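J.: With the hints as extra help, turn the sequences into a complete structure.
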Amino acid sequence: MFLVDWAVKMRIRPPEFDTSICDAKYHVSLALLVIPRGPWGDVARRFTMIRWDMAPYAPRTHAVASLRMKQIALDNQRRTIRRLRVQLGRGLAIINKEHESTQVALEASHKTIAGLTDIGLCMSKKIERMKARKQHIRDSHLECHQNMQARIQAAEYMIQEQHLIIEALVEEKSSLLQKIQGLYEENGALAPFDDEWEEEAKEVPEQEGLEDIPMGEGEIDDE
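Reading the sequence shown from the start, the letters are residues 1 to 223 in the UniProt record's numbering.
No lab work stands behind these hints: they were computed from the structure.
Here the structure is a predicted model, which is why all the values come from computation and not from measurement.
Cβ coordinates follow ideal geometry from the N, Cα and C atoms, glycine included.
Be careful, since some hints might not be right.
Unchecked claim - Pairwise CB distance ranges (calculated):
1. V86 / S66: 29 to 35 Å
2. E100 / L74: 35 to 41 Å
3. R82 / A105: 45 to 51 Å
To be verified - Here are the simulated DMTMM-like cross-link-like pairs (lysine to aspartate or glutamate), alpha carbons at most 20 Å apart as the crow flies:
4. K131 / E143
5. K173 / E156
6. K97 / E107
7. K179 / E161
8. K111 / E100
9. K173 / E185
T.: This is how it looks when you write it as structure tokens:
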């Protein structure tokens, strides 16, 4: 029993069995069968045979344990990698959805900006046309005003000339009548047109109005 307990404490196992207490006891019992029967004096020989039988299996247990630890570590790493891949996939899906939504929003904003720019260009063109039309109307009004001023000045000059002509004709007529009256007085006869002269002298101021002045050719009716 001492050797079995020692083998269990040393965790000695055969290569074809798993690590367990039953396997260690079975392996120690197999090793004890190899020891020759006889007196219990040769204890060193018995321990040597047990060490010779169990020494090659100790490194294998450590290698298997290390391999299992490595396998467990690899499994854990694989699980973490899978979990991270799932999380990464979810994050990428969320990012793709957000990117698509932002892309749609950007396209809509670009369309609205393009529409607003078109509206702004149309409004600017209309404003330029209205400014050009207003300037043209101002120029035409100014030209019409200048033409009307020129016509008014020409009419005023014509009226002044006609007044001067009328005054000259009236003076000439009065001088002629005075000459005729002087000639009749020299001859000792009465002037045949005394009454008519007085009536014409009274009607002269009334005929000098602007209503009787012809605007066309500037001719005067001496009726």
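J.: Does each hint hold? Answer for all of them.
T.: Here's how the hints hold up against the structure:
Restraint check, V86 to S66: a C-beta distance of roughly 30 Å satisfies the suggested window 29 to 35 Å. As the Cβ distance of E100 to L74 is approximately 38 Å, the hint placing it in 35 to 41 Å holds. The beta-carbon spacing between R82 and A105, approximately 35 Å, falls outside the hinted interval of 45 to 51 Å. Distance check on the hinted pair: K131 and E143 sit about 18 Å apart at the alpha-carbon level, within 20 Å; holds.
At roughly 25 Å between alpha-carbon atoms, K173 and E156 are farther apart than 20 Å, so this suggested pair is violated. Taken as a hint, the K97 and E107 pair is honoured in the structure, with Cα atoms around 15 Å apart against an allowance of 20 Å. Note on K179 and E161: the hinted pairing is violated, with a Cα-Cα distance of about 27 Å set against a maximum of 20 Å. Proximity of K111 to E100 is assessed by CA-CA distance (about 16 Å); at most 20 Å being required, the pair is judged to hold.
With a C-alpha separation of about 18 Å, the suggested pair K173 and E185 falls inside the 20 Å cut-off, and the hint holds.
Hint compliance for this structure: hints 3, 5, 7 are not met, and every other hint is.
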